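*Asks:* As a plain string of letters, each chain reads:
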Amino acid sequence: MAAQRALNTGLSALGFILAGVLAAAAGQYGPGVSDTEIKIGNTMPYSGPGSGYSSIGKSLTAYFAMINDQGGINGRKINFISRDDSYSPPKTVEQVRKLVEEDQVLLLFQSLGTPTNIAIRGYLNDNKVPQLFVGSGADQWNDPAHYPWTIGWQPSYGTEARIFARYVLKNLPNATIAVLYQNDDFGKDYLKGMRAGLGDKANKMVVATKSYETTDPTVDSQIVALQGSGANVLLTAAIPKFTTLAIRKVYDIGWHPTQFLNSVSTSVGSVMKPAGAEKGVGILSAAYTKDPTDPQWQNTPEYKDWLSWMKKYNTSGNVADAFAVYGYSTAQTLVAVLKACGDNLTRENVMREAVQIHDLKLPMLLPGITISTGADDYAPIKQMKLQKFDGRTWKVFGDIVSGSGG
Amino acid sequence: MMDKSATFIAPETLAGDRYAGLTAGAWQWIAALIAIALVAALPFGLSKYHVFELTMVMIYAIAVLGLNILTGYNGQISLGHGGFFAAGAYTAAILMHRYGVPYWATLPPAALICFVLGVLFGLPALRFEGPYLALVTLAMALATPQLLKYFDTWTGGQQGINLAKPVPPAGLGIDRDRWLYLVVLVALLIAMRVAANMLHGRTGRAFVAIRDHPIAAAAMGINTARYKTLAFGTSTLFTGAAGALAAIVIGYVSPESYSIFLSVSFLVGSAVGGIATIGGAIVGGLFIQFVPNLANDVSDAAPWAIYGLAMLLFMYLMPRGVVGSLGPWINRALQRIMPHQTAFDDGAKE
Chain A
1 MAAQRALNTG LSALGFILAG VLAAAAGQYG PGVSDTEIKI GNTMPYSGPG
51 SGYSSIGKSL TAYFAMINDQ GGINGRKINF ISRDDSYSPP KTVEQVRKLV
101 EEDQVLLLFQ SLGTPTNIAI RGYLNDNKVP QLFVGSGADQ WNDPAHYPWT
151 IGWQPSYGTE ARIFARYVLK NLPNATIAVL YQNDDFGKDY LKGMRAGLGD
201 KANKMVVATK SYETTDPTVD SQIVALQGSG ANVLLTAAIP KFTTLAIRKV
251 YDIGWHPTQF LNSVSTSVGS VMKPAGAEKG VGILSAAYTK DPTDPQWQNT
301 PEYKDWLSWM KKYNTSGNVA DAFAVYGYST AQTLVAVLKA CGDNLTRENV
351 MREAVQIHDL KLPMLLPGIT ISTGADDYAP IKQMKLQKFD GRTWKVFGDI
401 VSGSGG
Chain B
407 MMDKSATFIA PETLAGDRYA GLTAGAWQWI AALIAIALVA ALPFGLSKYH
457 VFELTMVMIY AIAVLGLNIL TGYNGQISLG HGGFFAAGAY TAAILMHRYG
507 VPYWATLPPA ALICFVLGVL FGLPALRFEG PYLALVTLAM ALATPQLLKY
557 FDTWTGGQQG INLAKPVPPA GLGIDRDRWL YLVVLVALLI AMRVAANMLH
607 GRTGRAFVAI RDHPIAAAAM GINTARYKTL AFGTSTLFTG AAGALAAIVI
657 GYVSPESYSI FLSVSFLVGS AVGGIATIGG AIVGGLFIQF VPNLANDVSD
707 AAPWAIYGLA MLLFMYLMPR GVVGSLGPWI NRALQRIMPH QTAFDDGAKE
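Protein chains in written order, with the working numbering: chain A, 1 to 406; chain B, 407 to 756.
Keep in mind that the hints were calculated from the coordinates and are not lab data. Fair warning: this is a prediction, and the values are worked out from it, not measured in the lab. Note that beta-carbon positions come from the ideal geometry of N, C-alpha and C, so glycine has one too. Just to be clear, a hint being listed does not mean it is correct.
Computed from the model, here is a short list of chain B residues facing chain A with C-beta under 8 Å [said to hold, decoys possible]:
no., residue
1, 555
2, 559
3, 709
Turn these sequences into a full structure, and let the hints guide you.
*Replies:* Shown next, in the form of structure tokens:
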């Protein structure tokens with residue numbers, strides 16, 4: 001009897017060990033993973049009002065095609081399923097449910113847009129599906145206490161505004177600041193970040209704020225009113241069209257403040273030139289990726305790698321398109337996380353690896369800017385470099401500035 | 407639908423017709439109950455995702471039903487029903503989020519507010535006919551997302567409002583998706599019943615008379631202004647209630663959810679399903695939900711070209727919509743078994 005029991009115990013122990021060995025050999029897999037494949041889900045506005053962003057989705061697909069041609073990640077090919085949500089939140093919910101419940105993807109990656117990602121955040125967190133490297137610059141993706149399965153990627157609008165604030169405190173300690181902002185969350189994130197960056201000096205230094213609506217024909221009256229405040233620094237937190245109008249008006253009324261532009265509205269072709277390139281000389285902004293049109297990068301091996309990928313895989317893309325740099329870099333971040341997971345490809349482990357990235361360097365980020373995350377730090381890129389417009393192109397200068405923290 | 411055989415019916419055979427011992431009316435009830443039981447049982451045989459899709463189909467069906475009342479039966483073209491859908495959605499969202507009202511209790515106020523909005527909108531609309539009204543309502547559809555962003559203290563601006571997920575009653579042992587499916591199914595059945603009662607009665611005849619010949623209708627003593635405004639109000643009531651249901655099921659509202667394209671979808675769904683039919687609304691809901699996805703599966707590059715092609719095919723092959731065109735066939739088939747009965751009674755002009 002005792003022998004029988006001992007035998008039983010021994011056999012079950014052996015069974016456990018065998019099962020453990022088998023599991024270790026086969027790897028631990030979450031949904032969507034096999035020995036040969038990892039399924040990744042994504043939503044992107046390929047149609048509708050946000051379709052200008054679709055070149056990001058095409059870049060991601062093109063990057064994973066290259067990874068697969070090179071043998072995949074630890075022998076597993078990426079099956080990247082990118083669905084069109086037309087930038088409509090209900091459609092995003094529907095497509096994401098399809099990706100998670102029908103396609104059984106391991107995780108959601110780089111879904112694009114602020115409202116679209118808010119719409120799916122609750123669902124993904126409830127079901128413990130990683131929502132990795134969200135394609136939006138809103139401040140709210142860094143909220144691990146409430147949404148531990150959601151993480152952003154790019155520097156948030158608030159981060160950028162804090163970087164401007166730090167520059168002002170250091171170089172223009174006696175500045176008086178005027179802010180022109182778009183009257184929505186995007187503009188308000190900048191205003192809030194600026195005040196936070198200035199700290200207890202905010203009330204003294206920020207002397208005037210004016211907002212505009214995207215339906216306004218001009219921002220002339222706002223600019224005149226801001227000039228009237230006597231400020232010598234102007235932060236313009238606006239989309240490209242209104243940035244152009246603001247630069248022109250500031251120049252035309254003979255106001256000469258130190259100007260800061262938010263990084264989404266710095267395109268030479270669509271903002272600076274239409275405003276009149278000479279009117280923008282000396283304007284400051286911030287950047288974190290290499291501008292593909294900047295000649296200083298074009299002889300580096302990093303740029304050449306990017307270009308050969310563009311030519312071979314991203315053939316529909318435009319080599320002057322900063323979104324192709326963005327897509328390339330975010331895809332590289334995901335690949336780094338998946339490589340770090342090894343054969344333990346569960347949702348829990350992917351999330352664990354996504355929040356313990358240390359100083360990851362990517363070829364198309366500005367030299368010195370790295371990606372770091374932590375259990376209470378869900379903002380992968382917090383550093384930027386300031387850049388100045390010289391009448392022809394943007395020139396990065398100075399040290400890397402961090403915009404993290406309050 | 408006037409059938410020739412109807413003219414030969416002797417009065418006594420109408421009420422007394424019995425088939426296998428039961429009257430036609432009883433058979434209709436039995437058929438309806440079986441159909442409802444099947445539809446109610448459907449979610450238990452499907453995956454949660456498909457249940458969610460069908461829930462959205464029924465919500466769109468209620469919205470299209472609302473538009474059918476206005477455009478199909480009363481002849482007023484609206485390209486702005488997405489705006490009323492949004493109004494219903496935001497009413498529900500604000501009540502739930504700000505005032506902690508339970509989700510089911512937001513439906514009556516959302517419907518009521520949209521009724522009032524519809525009547526208010528219908529009053530100036532009396533001055534506009536046909537394409538002019540379409541233009542005015544188009545303007546409203548265009549303005550909706552911007553208005554929602556403008557009143558951001560209430561609407562949450564660009565970021566919209568996140569809603570807590572409704573909890574199914576404890577003890578039933580069903581999950582949230584299947585519970586919401588049943589809730590929406592009940593709403594759809596009520597909506598169809600109310601619409602049928604209204605449209606097959608005096609009010610419906612007045613609507614159709616105004617659509618077909620407003621001057622003659624007025625000469626018959628129909629208060630055209632009153633009925634047109636009423637048509638607008640009831641139409642937006644249905645669409646607004648659908649909007650509230652959509653907000654509850656999706657769990658999130660934001661300005662981007664209610665673009666001009668939503669309004670256009672409703673009109674498309676209405677035309678494809680059968681513009682002056684009640685059953686057509688369900689076909690319309692199916693079209694709105696599934697055809698864009700199917701188009702996307704057929705071609706990544708040009709989904710809207712495929713969508714347009716599907717629309718053209720439907721309109722060429724079934725110019726009166728699916729139910730408008732197939733309904734008479736089904737009726738004829740039904741009349742072989744049960745003379746004098748019709749399943750699809752529509753208000754379309756013969």
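*Asks:* Looking back at the hints listed earlier, which ones does the structure fail to meet?
*Replies:* Hint check: 2 fails alone, others pass.
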